[in-house]
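> Take a look at the letters that make up each chain.
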Amino acid sequence: MTPELPEPIAPAPPASPLAVAILGSGRMAEVHAAALAANPRFGRLVAVHGRNAPAAKKLAKAHGARATSELAEVLADPLVQAVVIATPTLTHRSLVQSALDAGKHVLVEKPLALSSAEAGEIVRAAEAQERVVMVAHCVRWFHEVQALLGKLEQIGRPRVARASRVAGNPGGWYIDAQQSGGICFDLMVHDFDLLLWWFGAVERVHALAASRDAKYPEMYAQVVLRHTSGVLSYVEGSWLHPDGFATRVELAGAEGLLRFEMPETKPLRFVPLAEKKAKKQGAEIPESPFRRSPYELQMEAFLAAAICGAPAPVSARAGFEAVAVAEAARASIASGQPCRPAAMPSSPRARKGARS
Amino acid sequence: MTRIGIYSSAHLHAGAYAAALRALPGVELTGVYDPEAKRGKAAAKSLGARYAASPEQLFDLGLDGVIICSENVRHRGDAERALDAGLGVLCEKPLATKPADALAMVRAAARARRPLMTAFPCRYSTPLREARRLMREGALGAVLAAQGTNRGTNPGGWFVDPELSGGGAVMDHTVHVVDVLRWILEDEVASVYAEATGASGEVEDHGLLLFRFEQGTGASLDCSWSRPGQSFPTWGDVTLSLIGEQGNLHIDAFRQHAMLYSERAKKGIQVDFADDINAGLIADFVAVLREEKIPEVDGIDGLRAVEVVDAAYRSIASARAATVRRAALGSRS
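These protein sequence lines are chains A and B, in that order. The working numbering applies: residue 411 is where the first sequence begins, and numbers increase by one. The working numbering applies: residue 2 is where the second sequence begins, and numbers increase by one.
Don't take each hint at face value.
To be verified - So, partial list: chain B residues that the calculated Cβ filter (under 7 Å) puts toward chain A:
{"no.": "1", "residue": "H14"}
{"no.": "2", "residue": "S55"}
{"no.": "3", "residue": "T127"}
{"no.": "4", "residue": "P128"}
{"no.": "5", "residue": "E131"}
{"no.": "6", "residue": "L186"}
{"no.": "7", "residue": "G248"}
{"no.": "8", "residue": "L250"}
{"no.": "9", "residue": "D253"}
{"no.": "10", "residue": "M260"}
{"no.": "11", "residue": "L261"}
None of these hints come from the bench; they were simulated from the model. For each residue, glycine too, the CB sits at the ideal point set by N, CA and C.
Let's have the full structure, built from the sequences with the hints guiding it.
As structure tokens, then:
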């Protein structure tokens with residue numbers, strides 16, 4: 411099983427770019443708005459819906475779009491063809507359902523949902539519609555990940571993989587497990603997605619967690635995955651690293667080893683004499699300069715799929731699988747025993763086929 | 002359709018340029034000329050273009066421009082022929098081996114009113130462009146000192162034949178970092194002190210250079226072919242550290258890489274994921290031929306770098322710092 415590089419899709423630009431609304435006005439909403447602005451031939455931002463009215467207004471104004479606090483108004487607008495859901499995870503299921511009911515294409519932030527049951531409902535809703543539902547597992551579009559993918563065959567049969575993703579405390583709703591699912595769902599789901607993409611389904615998950623604060627017991631986790639293919643994976647996730655964001659991936663096979671390290675591969679390091687005291691708020695976004703950012707490439711892939719009627723490059727099913735592994739990891743942290751990820755819901759189309 | 006020819010395939014970069022041409026819409030690599038018929042026919046076949054047996058045959062293919070990848074000492078004659086035939090030219094670096102030749106090329110381009118670009122792909126490096134942006138924003142203040150490296154492996158072949166290359170590592174690798182420094186500092190090199198040593202053949206393998214810029218910045222460059230050819234994980238590097246009044250900036254232009262340790266290759270191999278600098282250079286050349294923009298880097302930039310190389314060789318010969326002799330030119334128009 412070799413994962414394939416996503417084909418570069420270059421559809422003829424549509425007569426007018428796809429009109430997109432963003433639901434949410436936080437950090438990721440800003441990132442998606444910038445990614446849209448970088449793809450002017452394929453999409454344009456027309457509306458921002460957010461509970462935080464000043465933030466929504468500010469984001470909308472910066473991109474020449476309208477701000478609204480009425481979700482129904484955005485979804486009822488026949489000119490809006492696609493929505494980007496960049497809201498807290500808790501709200502994803504109902505927003506995806508409402509957007510699909512209104513006939514919109516959907517790009518939904520990761521993790522897809524807070525439980526496999528909810529994620530399964532999204533998969534079913536997505537597969538009952540002829541619309542693109544794509545999960546924003548942005549790390550797939552990171553240049554370092556694409557570089558590894560291009561050489562994966564050269565390590566021979568894959569045996570063991572290690573992925574590490576560490577950062578400082580993001581604070582806010584991110585660390586509230588009730589809202590975010592905690593570190594397994596919010597941060598490590600990136601690596602679960604990569605490992606599932608590369609090495610296939612996971613049959614067993616065992617995990618340990620740690621924290622400096624009893625109020626938030628899952629600020630650090632180590633997870634061991636056993637893939638059905640026999641590959642073993644180790645994933646470390648941390649919000650206990652105040653020295654800043656780092657991510658490292660190592661894939662060992664029978665004939666070689668592949669690895670990348672961030673920030674070691676950042677090509678620029680600026681050390682100003684006067685230390686800026688301003689502390690960054692919210693989730694950290696790793697930056698290494700490229701002509702096109704991973705978010706821009708992800709947005710292009712989403713818009714291109716919606717325009718061409720092609721399948722989503724990262725489907726709701728892929729989103730489900732990553733959620734199921736995160737859920738199994740949390741269950742294992744609680745029980746101290748290995749857990750099996752929930753099984754994928756069967757496709758409504760497949761069921762239909764079985765009946766006839 | 003923009004039609005481009007490759008004029009000689011002596012330099013290894015011809016393959017990378019051809020790949021970049023193929024990736025651009027509305028561009029055709031129409032023909033390949035090489036005075037060595039066997040090498041030229043093989044290159045034309047592998048690059049998917051027609052072989053031209055003479056420069057005239059190449060020019061008769063209805064080209065907009067040529068990329069000159071001949072041996073260093075041949076650049077002047079080749080560029081003059083193409084410019085006189087009314088073609089735009091992208092010339093491999095160094096633009097020439099002597100300042101007089103580089104100056105003649107710049108004048109030939111002005112006479113022909115055709116673009117002459119020097120192949121300095123570092124100008125299209127996203128990290129180096131970011132460094133220039135920070136510099137122009139004033140993030141560093143004045144630069145007090147700069148440290149650069151452009152180390153590589155000994156390319157062998159005509160590169161180590163002074164009759165064709167004009168020199169070794171100092172000729173081959175000085176110009177890139179000199180150009181990057183001129184571009185980022187927006188200043189010219191005033192004087193050069195250079196040491197060189199030859200480990201094999203008739204040309205130097207290793208060179209260490211110290212520059213003084215007009216505005217006072219002191220800079221160093223290691224331009225050596227010091228990377229082992231068999232076991233080193235990549236071709237070499239371009240790094241730059243700038244010590245500024247307001248802070249320091251460290252750039253490693255090819256830091257954006259993963260590593261593959263291969264049992265088959267019996268070594269570690271650098272897997273680059275940086276933006277492709279050759280693709281940026283070629284896209285710029287095509288845009289210039291289409292008269293959509295002026296070039297990011299032109300013949301005068303190539304001339305200025307050659308004048309620094311000339312001072313370096315005078316310094317090596319005299320064991321004293323040498324003043325850079327800059328030709329007086331009218332303003333760029």
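> Next, verify each hint and record whether it holds.
Here is how each hint holds up against the structure:
1. The interface hint given for H14 of chain B is broken, as the beta carbon of that residue sits about 21 Å from the closest beta carbon of chain A, more than 7 Å.
2. This hint is violated: S55 of chain B has a C-beta 38 Å from the nearest C-beta of chain A, more than the 7 Å allowed.
3. Below 7 Å, beta-carbon pairs count as interface contacts, and T127 of chain B has one with chain A at about 5 Å; its hint therefore holds.
4. This hint holds: P128 of chain B has a C-beta 4 Å from the nearest C-beta of chain A, less than the 7 Å allowed.
5. This hint holds: E131 of chain B has a C-beta 5 Å from the nearest C-beta of chain A, less than the 7 Å allowed.
6. Proximity of L186 of chain B to chain A is violated relative to the hint, the smallest CB-CB distance being about 16 Å (cut-off 7 Å).
7. At about 4 Å, the closest approach between the beta carbon of G248 of chain B and any beta carbon in chain A falls short of 7 Å, and the interface hint on this residue holds.
8. With a cut of 7 Å, the hint placing L250 of chain B at the interface with chain A holds, because the nearest CB-to-CB distance is about 5 Å.
9. Interface restraint check: D253 of chain B against chain A, minimum CB-CB distance 5 Å, threshold 7 Å, status holds.
10. Look at M260 of chain B: its Cβ gets to within about 6 Å of chain A, closer than 7 Å, so that hint holds up.
11. For L261 of chain B, the interface hint holds, since its Cβ comes within 7 Å of a Cβ in chain A; the closest pair sits about 5 Å apart.
Hints 1, 2 and 6, counting from the list given before, are not met by this structure.
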